[in-house]
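Colleague: Listed below are the residues making up each chain.
Protein chains: 2
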Amino acid sequence: MKVVALSGGVGGARLVDGLAASLDSDELSVVVNTGDDFRHCGLWICPDLDTVMYTLSGRAPIDRGWGLAEETDACMNALKRLGGPSWFHLSDQDLATHLLRAKGLDEGLNLSQVTDLLFDAHGLKTQVYPMCDAPHPTRLLCDGAEMEFQQWFVANQAEPEVQAVCFPELGVASTAAVRAVDEADLIIITPSNPYLSIDPILSLPALNEALENRKGACIAISPIVAGRAIKGPLGKLIPALATRPASAAAVVAHYGDLVDGWVVERGDEAGFKGPVLKTDTVMKSRGDRKTLGRAVLDWAQPLL
Amino acid sequence: MKVVALSGGVGGARLVDGLAASLDSDELSVVVNTGDDFRHCGLWICPDLDTVMYTLSGRAPIDRGWGLAEETDACMNALKRLGGPSWFHLSDQDLATHLLRAKGLDEGLNLSQVTDLLFDAHGLKTQVYPMCDAPHPTRLLCDGAEMEFQQWFVANQAEPEVQAVCFPELGVASTAAVRAVDEADLIIITPSNPYLSIDPILSLPALNEALENRKGACIAISPIVAGRAIKGPLGKLIPALATRPASAAAVVAHYGDLVDGWVVERGDEAGFKGPVLKTDTVMKSRGDRKTLGRAVLDWAQPLL
Numbered sequence: 001m002k003v004v005a006l007s008g009g010v011g012g013a014r015l016v017d018g019l020a021a022s023l024d025s026d027e028l029s030v031v032v033n034t035g036d037d038f039r040h041c042g043l044w045i046c047p048d049l050d051t052v053m054y055t056l057s058g059r060a061p062i063d064r065g066w067g068l069a070e071e072t073d074a075c076m077n078a079l080k081r082l083g084g085p086s087w088f089h090l091s092d093q094d095l096a097t098h099l100l101r102a103k104g105l106d107e108g109l110n111l112s113q114v115t116d117l118l119f120d121a122h123g124l125k126t127q128v129y130p131m132c133d134a135p136h137p138t139r140l141l142c143d144g145a146e147m148e149f150q151q152w153f154v155a156n157q158a159e160p161e162v163q164a165v166c167f168p169e170l171g172v173a174s175t176a177a178v179r180a181v182d183e184a185d186l187i188i189i190t191p192s193n194p195y196l197s198i199d200p201i202l203s204l205p206a207l208n209e210a211l212e213n214r215k216g217a218c219i220a221i222s223p224i225v226a227g228r229a230i231k232g233p234l235g236k237l238i239p240a241l242a243t244r245p246a247s248a249a250a251v252v253a254h255y256g257d258l259v260d261g262w263v264v265e266r267g268d269e270a271g272f273k274g275p276v277l278k279t280d281t282v283m284k285s286r287g288d289r290k291t292l293g294r295a296v297l298d299w300a301q302p303l304l
Numbered sequence: 305m306k307v308v309a310l311s312g313g314v315g316g317a318r319l320v321d322g323l324a325a326s327l328d329s330d331e332l333s334v335v336v337n338t339g340d341d342f343r344h345c346g347l348w349i350c351p352d353l354d355t356v357m358y359t360l361s362g363r364a365p366i367d368r369g370w371g372l373a374e375e376t377d378a379c380m381n382a383l384k385r386l387g388g389p390s391w392f393h394l395s396d397q398d399l400a401t402h403l404l405r406a407k408g409l410d411e412g413l414n415l416s417q418v419t420d421l422l423f424d425a426h427g428l429k430t431q432v433y434p435m436c437d438a439p440h441p442t443r444l445l446c447d448g449a450e451m452e453f454q455q456w457f458v459a460n461q462a463e464p465e466v467q468a469v470c471f472p473e474l475g476v477a478s479t480a481a482v483r484a485v486d487e488a489d490l491i492i493i494t495p496s497n498p499y500l501s502i503d504p505i506l507s508l509p510a511l512n513e514a515l516e517n518r519k520g521a522c523i524a525i526s527p528i529v530a531g532r533a534i535k536g537p538l539g540k541l542i543p544a545l546a547t548r549p550a551s552a553a554a555v556v557a558h559y560g561d562l563v564d565g566w567v568v569e570r571g572d573e574a575g576f577k578g579p580v581l582k583t584d585t586v587m588k589s590r591g592d593r594k595t596l597g598r599a600v601l602d603w604a605q606p607l608l
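The listed protein sequences correspond, in order, to chains U and A. The first sequence finishes on residue 304 if you use my numbering, and the numbering steps up by one all the way, no holes. The second sequence finishes on residue 608 if you use my numbering, and the numbering steps up by one all the way, no holes.
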């Protein structure tokens, strides 16, 4: 069975970790959002790719959505003492990832090639593809002006109200990502933020077309738990962007025909249509992730 | 009195530290070699500027020619574990300097502006100017092929025999550096390597012309101690490049008419012509540097 997961950061990465526990490395591929990527202090930072990488390595923190669990901040503290930018955290071992990525890009590799190299360096065999190689930055329309994603999300702690999510510079979907979707028997939309993590992937014409023409079934894990967005800024984004409450109905309407079946938190099934798996979707431990991954794969079999 | 020092890394930086102890910040300016600068993992590394900065901050190690005395290597160790480049050492706090420089360059500042910003961030008031803003890389002809400076110096530990030092991409001397030389009452060639640290500065046409047309006196501190090059690869370079032994005579011949007076190690005065100050030129402690700086300035007074 060929499975492809569409993923952003934390929630997506944890489900991917659960799926990887049940699938061989040639059965699973992951298409990762790169809309959050940005240049910082000479380095090219790919937050979602790194979160997937650190999560699959078992080195991501449980209680934090970025970086490594066991880390030091000698560089960051020195940068702060020098009056350097402190709004985006660069810890010491995490910096090694960014330096190695910068080296690869300097040498003319594209982001897909550098991602291969980094996952390989981290000892990971899962096939992980950036959604595109060229920048395709997510920008947010706030108070009538476009704001860079990290400026909104990190520097301003996702506080400015968002009127629209936009993709002003269109990238081209990476060949490997499109092929993975084309060949997939099962496409899994992870519980990452639909607007900020999945929409950037869907905004790439070739990937969108591949998803519309899919031979495989497409299922989604709902990010709604106990009637609310499970985490992050989604709770505020749904009312702002979908002009309805953060609810099952809003998420169902958002993905529309793309989704052939839903995995939803037990008790949140009202409002979801078609085949629905009711289960525990909140993943804390690696055990939770493995259990959910296995449950999703088993449940999806009859849909194929 | 306006004094300008021409400096490379360690030896030059230590004398500059000694001069700074005796001069007000508006009396001393320093023109620093940037021929060793290079791009590494997305960052622009300026070894001599950083050595001058760390030495003036009192944070440079006594027993090592680069980096900071009190440092950690969390990032470098992680980079090695990932199979990243280990030939050039990037320690944690030192990285903060490189990140802040990269940020400034990304924002469109030139190297002079970024250098101002970095020295200011380190709390230093001495006026330090990169010899030029654009790259002006030193390359070494070894076995008939051009080698990048850091490849030769660090990666190959200065072992390949050098047939010639070349400057294949001519930069333009920075305005501030030229003005400092124009206005100087006293120009001091520090005991940095004549071929690798001072010649790159002299290779810039506008700086060379300013030095030839100097209104001030130009003195040099000889890097020869006990008949040999005091440190680094100079001992091998003089015989190779000047086709004579590493001696006073070789250094005197190398600088020629540029030097109006010499500061030489006591006992090494044979071969030096014109006004000569015989003293202890080896600087270990900050006290040594201050003593030598003071002695040089006092001795130079009658030459002005």
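Rather than coming from a laboratory, the hints here were simulated on the basis of the structure. The beta carbon of each residue, even a glycine, is placed where N, CA and C say it ideally should be. A couple of the hints might just be wrong.
Claimed, not checked - Here's a subset of chain A near chain U, in silico, CB distances under 8 Å, partners left out:
no.: 1; residue: L383
no.: 2; residue: Q397
no.: 3; residue: F453
Colleague: For the restraint on A:Q397, tell me whether the closest CB of chain U is nearer than 8 Å.
Modeller: With a minimum Cβ separation of about 4 Å from chain U (threshold 8 Å), the hint on A:Q397 holds.
Colleague: Under 8 Å is the threshold here; is the Cβ of A:F453 close enough to any Cβ of chain U for the hint to stand?
Modeller: 17 Å, violated
Colleague: Holds or violated: is the Cβ of A:L383 closer than 8 Å to a Cβ in chain U?
Modeller: Since chain U brings a Cβ to about 4 Å from A:L383, closer than 8 Å, the hint holds.
The structure is inconsistent with hint 3 alone, although it conforms to all the rest.
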